[in-house]
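Protein chains in written order, with this note's numbering: chain A, 1 to 348; chain B, 1001 to 1329.
Simulated from the structure, these hints should not be mistaken for lab results.
Be aware that a few hints might be false.
Taking lysine-lysine pairs in the DSSO-like style, the calculated list, with each CA pair at most 30 Å apart, reads [claimed, not checked]:
1) B:Lys1311 / B:Lys1230
2) A:Lys248 / A:Lys184
3) A:Lys336 / B:Lys1326
4) A:Lys316 / A:Lys73
5) B:Lys1050 / B:Lys1005
6) A:Lys275 / B:Lys1311
7) A:Lys7 / A:Lys50
8) A:Lys181 / A:Lys239
9) B:Lys1190 / A:Lys336
10) A:Lys316 / A:Lys50
11) B:Lys1190 / B:Lys1049
12) A:Lys283 / A:Lys50
13) B:Lys1256 / A:Lys275
14) B:Lys1326 / B:Lys1256
15) A:Lys50 / B:Lys1311
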Amino acid sequence: MMHMLDKLSDPELFHDPVDINGVPTGLLVDQLRDLVLLRMAEQHLAAMRKDGLIGGPVHLGVGQEAIAVGVSKWLRNSDRVFGTHRSHSHLLALGSSLHGLFAEVLGKETGHSRGMGGSMHLYDRSNGFYGAVPIVAGTVSLAVGAAMAARLQATDDIAVAYFGDGACEEGIVHESLNLSKITKAPILFVVENNLFASHMHVTQRQPSDSMVRFAHANGISSAVVDGNDVVAVQNSARKLIQEARDGKGPGYLEAVTYRWYGHVDWRDDIDVGVKRSMDDVQKWRARDPIKRLKHALINEGCWDELRHDELCVKLKNEIDHAWERAMSDSYPDESKLLDYVYASLGDD
Amino acid sequence: MSTLKEFSYGTAILSAFEYLLDHYPEVFVIGQGLWSPWYVGNSMTDLDKKYGIERIIDTPVSEAACTGAAVGASLAGMKPIVVHPRMDFMLYAMDAIVNQAAKWSHMVGGQAHPGLTIRAIINRGGEQGAQHSQALHSWFAHIPGLRVVMPATVADARDLLIASVLSPDPVIYIDDRWLYEQTEYLPPVKIRGLSQEGPRVIADGSDVTIVGTSYSTKLALDSKHVLAEKGISAEIVDLRVLNPFDAEIVIQSVNKTGRLFVVDGGWRNCGMAGEVIASVAENVPAERWKNTPVRITLPDAPAPTSRVLEKIYYIGVDQITATVQKAIA
Ligand SMILES: Cc1ncc(C[n+]2csc(CCOP(=O)(O)OP(=O)(O)O)c2C)c(N)n1
Ligand SMILES: [Mg+2]
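Given the sequences, and given the hints that come with them, work out the whole structure.
So this is what it looks like as structure tokens:
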């Protein structure tokens, strides 16, 4: 096994406040707010799933929020973002509404996918979110196609494909990387390497823990970052996204991170039937992307505990409000089961 | 009585694995989740501990390669069992199954046979939606060269798995998570040749024939009890083997009852229910029919997630009994 990630996958390291590296602190305060929103929204989903109010599975990305926030910062509504089974934060980081997400998770007609998709099939075209699905690697080639379309349409829009270290084991990912390079598709591949695919650690599945080697194999411009450092993520994402917009072809960002919950639902001690190392979980919790940004901002003198508490209270209100609304919304009408199968209802 | 032992559908599958791994060194198992009991209910518990991780191989997220590798291993004399914890995931492996395994024997003039078994699990419900719910048996039954097996009973869950693995042909063995809690007392294993197996009457009746497969056989059996209270005597046929398909038992039953209802957990168009009806229609004389035959299948839509839609999506006993009563009224 080659531990090519070296320090980045060592949970004992990178617990200190992030280096703000010249990013204006005002921007970072906004990002802190986004990070806390994503965190609290997913913790809310965990609690509601535990209480049985959510009927379907939820795959939570708590701990990984800095990746979506750092990437989305450089995106616009006309870009084409594709996600996975673990995409709540990919969606919310684009500015998509909390209520739309909650209603979708509850299967309500007011949800982002009109109650037809649930947590695992998210959609919000108005914010550039083209879709997320739970077939591992299922959207990676679609994202390449959306990027090819952007080129054919002579825009400088780009596509983003989020996927995991596990997805890198599907052949379609490698076909997609090659295709994107050869067609100069304007796309950013974002690999959230959280070291696990359900119950299996990357060392049980691959000869190396580094996912960037697949970019190297295809001559794709790339970067590897600490995925729990929102500054590092955004600085690397910015460069790769700009290159893609400038017609220089695909980019590939490997962000190393860890999920605080198990593979699915609210428990943190179990990954699809296998006990997790709570020791590792605790160490990774100490590499918290929120805490590290918060303390960096406090050190800069532009944030403090009081303001942080106020922020949390405010966001909790927003979350509770969106949840209550979603809870009282209606389910889709039974006719929708057949109505959405084809675009045309025979009236074309 | 002393030789009978109680099994659930899940533990019956487990005992088939144990039997095969105990008796056949060329058997190995490959697929996702094999070192975690969660994905596959209680049907593979501790196989990795008992037989070692060399023979019980949990894999990368690589359905295409794992399935293709099993085809290759079978050509080299092994008897692999590939496990796809959800049928939806094995769509990445379609080339290995349809172009390679199904055709190999024929393409090489019958000189080599990929004797692998692919265990595909139907795992649906729980608001999981379109990509985590499919029952695609009719697709595979369309392909010459694939044997397609769907156990409905605890006994078949064990014995048809053993027969599948011992078959020299590629077999798609499809089990259903909704059946795992069924229980039955079983005698010790008796080896049967898969090519000798086919549809079976599992409950006699005289007024109507209801055909099911896998979970829909259970629904048909449950319907029989309800219909009996209404004075309707239903004969239940369990298909068991969908390809190669032998309709003879169904034809005999319909010759007796004159009425045919086919319940299938797949979709209607080009599905197994239509195939059963066509095969029977070709062979039962017109004057024997008392009713036009009826398909009871899923609505023509992907599985929804929302609980209200999920409730109307899947077939239930009420739907079957109402359909039968309406047709013969
Ligand atoms: C084609 C396919 N195979 C298997 C699965 C089951 N599955 C769901 S998520 C997952 C792990 C994916 O790991 P990774 O890509 O690293 O994403 P993560 O869960 O870590 O976010 C697996 C194996 C699936 N949904 N689709
Ligand atoms: Mg992962």
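To see whether the hints hold, each was checked on the structure:
Only pairs whose Cα atoms come within 30 Å are accepted, and B:Lys1311 paired with B:Lys1230 is accepted, the gap being roughly 25 Å. Annotation: proposed proximity of A:Lys248 to A:Lys184 holds, straight-line Cα distance about 7 Å (limit 30 Å). A distance of roughly 26 Å separates the Cα atoms of A:Lys336 and B:Lys1326; the hinted pair therefore holds under the 30 Å criterion. Using a Cα cut-off of 30 Å, the hinted pair A:Lys316 and A:Lys73 holds, with the two alpha carbons roughly 23 Å apart.
At roughly 21 Å between alpha-carbon atoms, B:Lys1050 and B:Lys1005 fall within 30 Å of each other, so this suggested pair holds. Among the hinted pairs, A:Lys275 with B:Lys1311 is inconsistent with the structure: their alpha-carbon atoms are about 34 Å apart, more than 30 Å. Note on A:Lys7 and A:Lys50: the hinted pairing is violated, with a Cα-Cα distance of about 35 Å set against a maximum of 30 Å. Pair hint A:Lys181 plus A:Lys239 holds up; C-alpha atoms about 17 Å apart against a cutoff of 30 Å.
Among the hinted pairs, B:Lys1190 with A:Lys336 is inconsistent with the structure: their alpha-carbon atoms are about 49 Å apart, more than 30 Å. A distance of roughly 18 Å separates the Cα atoms of A:Lys316 and A:Lys50; the hinted pair therefore holds under the 30 Å criterion. The hinted pair formed by B:Lys1190 and B:Lys1049 meets the criterion: a straight-line CA distance of about 26 Å does not exceed 30 Å. Among the hinted pairs, A:Lys283 with A:Lys50 is consistent with the structure: their alpha-carbon atoms are about 24 Å apart, no more than 30 Å.
Under the criterion of a C-alpha separation no larger than 30 Å, the hint pairing B:Lys1256 with A:Lys275 is inconsistent with the structure, at around 56 Å. For the hint pairing B:Lys1326 with B:Lys1256, the CA-to-CA distance comes to about 20 Å; that is within 30 Å, so the pair holds. The suggested pairing of A:Lys50 with B:Lys1311 holds, with an alpha-carbon distance near 22 Å, which does not exceed 30 Å.
Comparing the model with each earlier hint shows violations of hints 6, 7, 9, 13; every other hint is respected.
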